[in-house]
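**Q** Heads up: the sequence lines are chains E and V, in that order.
Residue numbers for the first sequence follow numbering that gives the first Met the number 0, beginning at 0 and rising by one.
Residue numbers for the second sequence follow numbering that gives the first Met the number 0, beginning at 0 and rising by one.
To be clear, the hints were calculated from the coordinates, so they are not data collected in a lab.
Heads up, some of the hints might be wrong.
Now the in silico label distances, taken between C-beta atoms and shown as ranges [as the list claims (entries may be wrong)]: (1) E:107 with V:346: 51 to 61 Å; (2) E:65 with V:369: 26 to 36 Å; (3) V:153 with E:236: 19 to 29 Å; (4) V:256 with E:319: 33 to 43 Å; (5) V:433 with E:309: 25 to 35 Å.
Predicted model only: the values in this text are computed from it and were never measured.
Quick reminder that beta carbons are idealized off the backbone N, C-alpha and C, glycines included.
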Amino acid sequence: MIRFLLRRLLGAAAVLLALAALTYLLFYAMPGDPAQLACGKGCTAPQLAQVRHALGTDQPLVQQFWTFLTTLVAGHGFSTGPSTVWCSAPCLGYSYQSNEAVTQMLLDRLPVDVSLALGAAALWLLLGIGTGLYAALKPGRWRDRITNTVILTLGSTPVFVMALLLLMGACVWLQILPFPNYVPITEDPAQWAQNLLLPWLAIALVSAAGYTRLTRAGVLETLNQDHIRTLRAYGYPERRIVLRHAVRGALPTVVTVAAMDIGMVLAGAVFTETMFGLPGLGKLAVESASTVDLPVVCGITLLAGALIVVANTVADLLHAALDPRVRI
Amino acid sequence: MTHPVLQVEDLRVIHPGPVTALDGLSFELAAGQVLGLVGESGSGKSAAALALLGLHRGTRTQVEGGVLLHRDDRPVLDLNRASDAELRTVRGRELAMVFQEPLTSLDPYRRIGTQIATAYRLHTGASRADARLRTAEVLDRVGIDPKRARDYPHQFSGGMRQRVLIAMALALRPRVLVADEPTTALDVTVQAQILRLLDELREETGMALVLVSHDVGVVGGLADEVVVLRQGRAVERGATARLLGRPEHPYTRALLQAVPRLDAPLPERDAPRADDVLVETEGLGVDFGSVRALRGVDLTVRRGETLGVVGESGSGKSTLGRTLVRLQDPTGGSVRFEGQDLASWRGRELRRRRHELQMVFQDPTSSLNPRRLIGDSVAEPLRVHGGRDEAKLRAEAVGLLERVGLDAAHADRYPHQLSGGQRQRAAIARALILRPKLVVCDEPVSALDVTTQAQVVSLLRELREEFELTLVFIAHDLAVVRSVSDRVAVMREGEVVETLSAAELTSPRHEYTRALLDAVPRLDAVGVN
């Protein structure tokens, strides 16, 4: 267990390092001078040089990358003209465009994605496992087919179309909900939930399809196994066999996939955030990429990578916890 | 006859197709009595066993006739006409079942104690504490330390898992226990223990036992009465001693003859020359982490001989076999093939000579690719070794299929369209197509029923003459090994405890070999000559 976690930690460090290097390289190779952008129009040559020096872009690539890494673990001071801002570790850099430390920018936006991911996951698991079970109880019958059709249709709808439909339906035609406007949970939990309901639904309705199929297939496969026959031979009621034992067989896969999907949403749901105007990481990523705000983009990439590595590790741990045959 | 507890009347089981799996089986079973149901695969014996507990319900299989449960000499319930709820109350409580596959018949996600206790509480409404007590009691009775109730099924061996299933049945004190091939997946010593346990429990609790098996030897030792099934029909029935001693139906006779016997005369055969050694191992060791599968095995295989390898599961037989054909690299010692260390074969040399070493596996269902035609699977080794002319490849594959008793039509079928015996024949053809010098057969017949087993064994005997093969024949069945081998190596815990000639096998020097022999179910003990 400890060894597994240590191994994972080392692996994660390697992955993140490679990711950082790749992002740096990509932006270095991209046309456009961040210093020019930061300095603005009518920037004189000495000013530009000064900005370059402040940004560190006058250094060779390797040097820049090294500075980035040392900044991450030890912190760094950033000069903002008259004064110097100290950015403490873990420091992902400083955005001169928004005059803010990147770490703080990410921390400000992360709660949005955490709210989005956890709420959506709860809904999609409920929906997916529920419909999967419903379909598996009478495979091949009409209700199996109808569930399949409905779920597949929902699953093949792009999330921004789903978002649009929900917004139109709930806020324009039925007018049962106001247009979403993110409220932190710390301010007002009821408002938080109400405003996130539509984004949650949009992600959940689209994502549930995979879980329906996983659950249905897992349950049907387990029902064909020998140990289910043993339960029948001992007089277990069929409902109990399906709801407790067959679901148990499907669970490890469902949970593993869910952990990874949650990681993906945490790392930024660009479409959903954009459609519902949520101030999350995805939106920030798109904005900073279009303004070539290199430190922010790099920070988001690393955070997303870290979140996905963590999600994978959690998935493995959950799998081991759910299946006594798996040892890590 | 005493009061019956179970009465079966004209039981028919019809699979969709329609295929009549069981065509009119009737019997009565009294408390404490043992009925043996014997037949080859496809004889309908398992279909019958499942029907006794109404386990065909909810499938597309139709069951006709009556399965009457008696109490106080009166039929109280016809399982075939009972409602689902009625059926559930008697399943486990009155009739319990033990299955052929102990490895998969327990829920892998739940502790064994929980599984036993849950089944117990389901029928008795006992408290958790009482159920735990009862679980400890029955685990202890079947020879499992009650402390292990908190372990999961995968932490037990096959034999132990079968004990767990028996304990589960025992907990509810059923009046009838249906055991469907309870020992087929287990090796001889474990088989003997399980059979003894079943017999003791029957004696103690007075439960009646329906024992289903393809092995007359297994049934013969326990059953009071035997019914021989063939293609769904009971061709002969009678008291065990009479039926096995003086079988009337030719099919019963054939079945008895097919049972490999330790006292059968050995076929005459020129012993291979002792100085012509094909394979020699020296201090051969294989470690898997901390598990020592082989510990210093010294063995010679002479050119043209058949060397049998016997031992319980876990004794290292399969690892030895795999190492001999270089599917497994030794972690110590060496294998010398025609004087050359196998480890020295590398790259091109290995590719060029690999075909001289072939293997036939236990389970032809999983060793043949289910998505490829038999003909393609058999020709595949030629293709791997550079065969390009498809017409020639096919001709050669068909030729070999014919040689192993199949025909050209089989080449165009998929593995699932063949019977177990036919699949093993195809697997043998695939092993032979490259004209190997050494063929290792790892339990080649243990997944087959006795009649098919006898056919495959005699096929191997013919082929080894024709192809001048040297065979290493690995099996847990001593009688089968004795019937094909020139010499037999006996393995225990990764070591060869002794090597003796086939003739010497029945009078071994080593006590372990003696114990293995004693565990073999004996037909002569029940009056069969």
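**Q** Starting from the hint list further up, note which numbers the structure goes against and sort them upward.
**A** 2, 4 and 5
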